[in-house]
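Participant: The chain contents come next:
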Amino acid sequence: MTITAHPEVVPRQLTTTHAASDRIFHGAARTVGLFVLCMTGAIGVFLGYQSIPTLRHYGLHFFTQTQWQPELDHIGIAAVLVGTVEVALVALVVGFPFAFMVALFVSDYAPKRAKSWLVSAIDLMAAVPSIIYGLWGFYLLMPRATEVARWLSEYLSFIPIFKVNTDAHAAVWQQSRYTSSVFIAGLTVSMMTIPLACAVMRGVFDQAPAGEREAAMALGGTRWGGARMVVFPFAKGGIIGGTMLALGRALGETAAVLIIVSPDFTIKDRILEAGAQTTSALIAGNFGDATRSQLSALLTAGFVLFLITIIVNSAAAVVIRRSRSGALTEI
Amino acid sequence: MAMTEESTTTARGAAFPRTAPGALEAVGISAWFSGTLVLTDVSLSVAPASVTALIGPSGCGKSTFLRILNRMHESIPGAQMAGEVYLDGKEIYASGYRITHARKQIGMVFQKPNPFPAMSIAENVTAGFALTSTKLSRSAREEVVETSLRQAHLWDEVKERLTRPGGALSGGQQQRLCIARALAVKPRVLLMDEPCSALDPTSTRRVEETIAELSPQLTIVIVTHNMQQAARVSHNTAFFLAEQGTPGGIVEQGPTRQIFNDPSDPRTADYVGGRFG
Numbered sequence: 393m394t395i396t397a398h399p400e401v402v403p404r405q406l407t408t409t410h411a412a413s414d415r416i417f418h419g420a421a422r423t424v425g426l427f428v429l430c431m432t433g434a435i436g437v438f439l440g441y442q443s444i445p446t447l448r449h450y451g452l453h454f455f456t457q458t459q460w461q462p463e464l465d466h467i468g469i470a471a472v473l474v475g476t477v478e479v480a481l482v483a484l485v486v487g488f489p490f491a492f493m494v495a496l497f498v499s500d501y502a503p504k505r506a507k508s509w510l511v512s513a514i515d516l517m518a519a520v521p522s523i524i525y526g527l528w529g530f531y532l533l534m535p536r537a538t539e540v541a542r543w544l545s546e547y548l549s550f551i552p553i554f555k556v557n558t559d560a561h562a563a564v565w566q567q568s569r570y571t572s573s574v575f576i577a578g579l580t581v582s583m584m585t586i587p588l589a590c591a592v593m594r595g596v597f598d599q600a601p602a603g604e605r606e607a608a609m610a611l612g613g614t615r616w617g618g619a620r621m622v623v624f625p626f627a628k629g630g631i632i633g634g635t636m637l638a639l640g641r642a643l644g645e646t647a648a649v650l651i652i653v654s655p656d657f658t659i660k661d662r663i664l665e666a667g668a669q670t671t672s673a674l675i676a677g678n679f680g681d682a683t684r685s686q687l688s689a690l691l692t693a694g695f696v697l698f699l700i701t702i703i704v705n706s707a708a709a710v711v712i713r714r715s716r717s718g719a720l721t722e723i
Numbered sequence: 002m003a004m005t006e007e008s009t010t011t012a013r014g015a016a017f018p019r020t021a022p023g024a025l026e027a028v029g030i031s032a033w034f035s036g037t038l039v040l041t042d043v044s045l046s047v048a049p050a051s052v053t054a055l056i057g058p059s060g061c062g063k064s065t066f067l068r069i070l071n072r073m074h075e076s077i078p079g080a081q082m083a084g085e086v087y088l089d090g091k092e093i094y095a096s097g098y099r100i101t102h103a104r105k106q107i108g109m110v111f112q113k114p115n116p117f118p119a120m121s122i123a124e125n126v127t128a129g130f131a132l133t134s135t136k137l138s139r140s141a142r143e144e145v146v147e148t149s150l151r152q153a154h155l156w157d158e159v160k161e162r163l164t165r166p167g168g169a170l171s172g173g174q175q176q177r178l179c180i181a182r183a184l185a186v187k188p189r190v191l192l193m194d195e196p197c198s199a200l201d202p203t204s205t206r207r208v209e210e211t212i213a214e215l216s217p218q219l220t221i222v223i224v225t226h227n228m229q230q231a232a233r234v235s236h237n238t239a240f241f242l243a244e245q246g247t248p249g250g251i252v253e254q255g256p257t258r259q260i261f262n263d264p265s266d267p268r269t270a271d272y273v274g275g276r277f278g
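In order, the protein sequence lines correspond to chains A and B. Numbering (our numbering) for the first sequence: 393 to 723. Numbering (our numbering) for the second sequence: 2 to 278.
I should point out that these hints are in silico values taken from the structure, not numbers from a laboratory. One thing to keep in mind: the hints can contain errors.
[As the list claims (entries may be wrong)] Ranges of calculated distance between the beta carbons of each label pair, as one might list FRET restraints:
id: 1; chain 1: A; residue 1: Val401; chain 2: B; residue 2: Gly172; range: 32 to 38 Å
id: 2; chain 1: B; residue 1: Ser134; chain 2: A; residue 2: Gln461; range: 56 to 62 Å
id: 3; chain 1: A; residue 1: Thr408; chain 2: B; residue 2: Thr164; range: 43 to 49 Å
id: 4; chain 1: A; residue 1: Gly603; chain 2: B; residue 2: Pro202; range: 19 to 25 Å
id: 5; chain 1: B; residue 1: Gly97; chain 2: A; residue 2: Ile524; range: 21 to 27 Å
id: 6; chain 1: A; residue 1: Gln405; chain 2: B; residue 2: Lys160; range: 46 to 52 Å
[Unchecked claim] Footprint (simulated), chain A over chain B, 3 or more residues, beta carbon under 8 Å:
id: 7; stretch: 24-34
id: 8; stretch: 73-80
id: 9; stretch: 126-135
id: 10; stretch: 174-186
The C-beta atom is built at its ideal place from N, Cα and C for all residues, glycine as well.
With the hints as constraints, model all of the structure from the sequences given.
Facilitator: Next comes the structure, spelled out in C-alpha cells:
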C-alpha cells in the first residue's frame, strides 16, 4: 500500500488550557527542580574554578604524586584516590551480600508484620550520623576486626591483598599493624551503604510482577526458585543500580573514615595493614590549617571526587532506568 | 452427594474410587479473606480424565475455590481456608505433603497470560524443570518443548523462533505458551482460571481444542464466564452463586447437559438462561 501525500493536511497544534492552581504548582515545581540542577552545577563550577591554580602549578603530577607534603611542595592525590576506591570496594563487597539478602528477606520471606519493622530498622540505619558509625567502628569494631584481619592474613596471605608486612607468628602479636586499615574503614562504611542499597533493591524486588511470581509458584517452584526465575531477572537493573548508588555513597564517606584510618600516603593493595587515606578524609583532616594554595589543592581533590561520584551515580541512574524494573520504579 | 471413605460419586453419577489416579476431591471447603467469609462449605468431586466447568457470576468464589485446589489461595496475605482437598486419595493440605509437590501435580493456567518475558519460548516451556532444579538432557528438553507446544496448539506458530523471548508473543500465543509450560511438567490435574477471557476467538478455539484433546489423560477444572464455552468443553458443571451479602457456594452441580438443559434449581435456570449474571 502506498501512502498518498496530502500537502494541504498539516498536523494541528494542540493547546491545553490549565487551571490557575495547576499553572502555579507547575511553575513552583519547575523552579525548585531547576534550582537543584543549578546548585549541583554551581558546586561543580566553583570546584573547577578553584582547581585551576593547583592544576596549573602541578599539572599531571597532581594525579601521579602520592605524597601530600605541602611544606616540600609535594602534593598529589594518587595514593588517596587509590585509598578512596579501596575503602569503597571493601564496603561494597561486604555490604552487597548483606543488602541483597536483607532486601530479599524483607520482600519475599518475612511475615507481613516483621516486614514493616525491618523496613523501619533499615531506614533507621541510614539515619544514624556517620560520626556515630565512626565511633562505633573505632571503639567497638576495630579491636575485634583486627582478629579477623589477623586470621585472614594468616591463612590467605598468598592473596596479595591479604598480606600484612609483619610477622604473623611473632611471640607478641603486633595488633597495631592491623588497626586503622582500609579493611576496617571499609567495614564501617559498609554499615552506611547497606541501607541505601537495600532500600533500592527492596523497591525493585517488590515490583516484580505478581503474575509471574504466581506462575513460578504454580509450577511447583520454591520461593528461592521463584526469586531466581522471576525476581532477580526483573530486578537486575535495580540490583546493579542500587549497588552503584551505594558505591557513590561509599566513595564520599568522610567522618567515619577520618576517625578510623591513620594517614598513609603510599599506594598499596594490602588492605588489612594499618594506614590508609581517602580523598574526603584528606580534605576534612587538612582543611582547618591549610594555607591559600593548600586550600586550592584540597578543593582540587574535592573536584576530582565530585566528578567521580557524579559519574558513578549517573551510571547507576542510567542502569536503573534502562532496566525493566527501573521503568516502573522511580529511584 | 453420598460419599464414603473408599468411593465417591461423580456429578455424572458414576462411582469412582477416591484414590483413582487423577481424581480430585474437595470436601467442605470454606475460604476467608482478612477474616471475611467468601466461600462456605463447598464440596466437589472431579472424576479422573474429565472436564469440570465452574460457572457463576463474578465474585461468587469460583476462582478462590480453584486456587484452593492447588494451594495457591494461601499465598495471598490474609487468606485462610477450611476443608480438605484430596488428590489420588491423599490430602494435599496434610502436614508432610509438600506444597511444591501439590502444585507440581496440580498445574494452573491463569486468567492473564504470565509467561516469563525475559526467557525464550523454549525456556518458558521448561521453566517448571528449572524451578524445581530438575535436570533434563538436551534431547529430553527438545522433546518436552515440542510435545508441550504441540499439545497447546502453538508449535506451528513458534517452531521457527523458539529462542525468541516469550514476552514478544501475542496475548493469545502467550496464553497457549503458559498452557504448554503447565503441561510440560506432566501434572495430574490442570486448573484453568478463565483462560480465554482475554483471548481472541482463534486462540480461544485453539485452547478449547487443547482441552478436548487432553481430557482423556488429564483431569481439568476450568472457571469460565462464557457459558457457551462451558457447554462446549465440559462434562460436568458446577454453578456457584453468592447471594447478596452471603458467602459463595455451589448451588447445583451435575452433568453439563443436565445443568444447561434441565437444571433442578430455579437460580441455575435463571443464570444459564441468561436472566442474570
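Participant: Each of the hints needs a verdict: does it hold here or not?
Facilitator: Results for each hint:
1. A:Val401 / B:Gly172: 32 to 38 Å: Check passed, 34 Å falls within 32 to 38 Å.
2. B:Ser134 / A:Gln461: 56 to 62 Å: Given about 60 Å between the Cβ atoms, the range holds.
3. A:Thr408 / B:Thr164: 43 to 49 Å: Given about 46 Å between the Cβ atoms, the range holds.
4. A:Gly603 / B:Pro202: 19 to 25 Å: Cβ of glycine 603 (chain A) to Cβ of proline 202 (chain B): about 23 Å, so the range 19 to 25 Å holds.
5. B:Gly97 / A:Ile524: 21 to 27 Å: Violated: the Cβ-Cβ distance is about 49 Å, outside 21 to 27 Å.
6. A:Gln405 / B:Lys160: 46 to 52 Å: Hint holds: Cβ distance 49 Å, inside 46 to 52 Å.
7. 24-34: Since three or more residues must qualify, the claim that chain A covers the stretch 24-34 of chain B is violated, with 0 doing so at under 8 Å.
8. 73-80: That given contact holds, which follows from 3 residues of the stretch 73-80 of chain B lying within Cβ reach (below 8 Å) of chain A.
9. 126-135: holds (count 6)
10. 174-186: holds (count 4)
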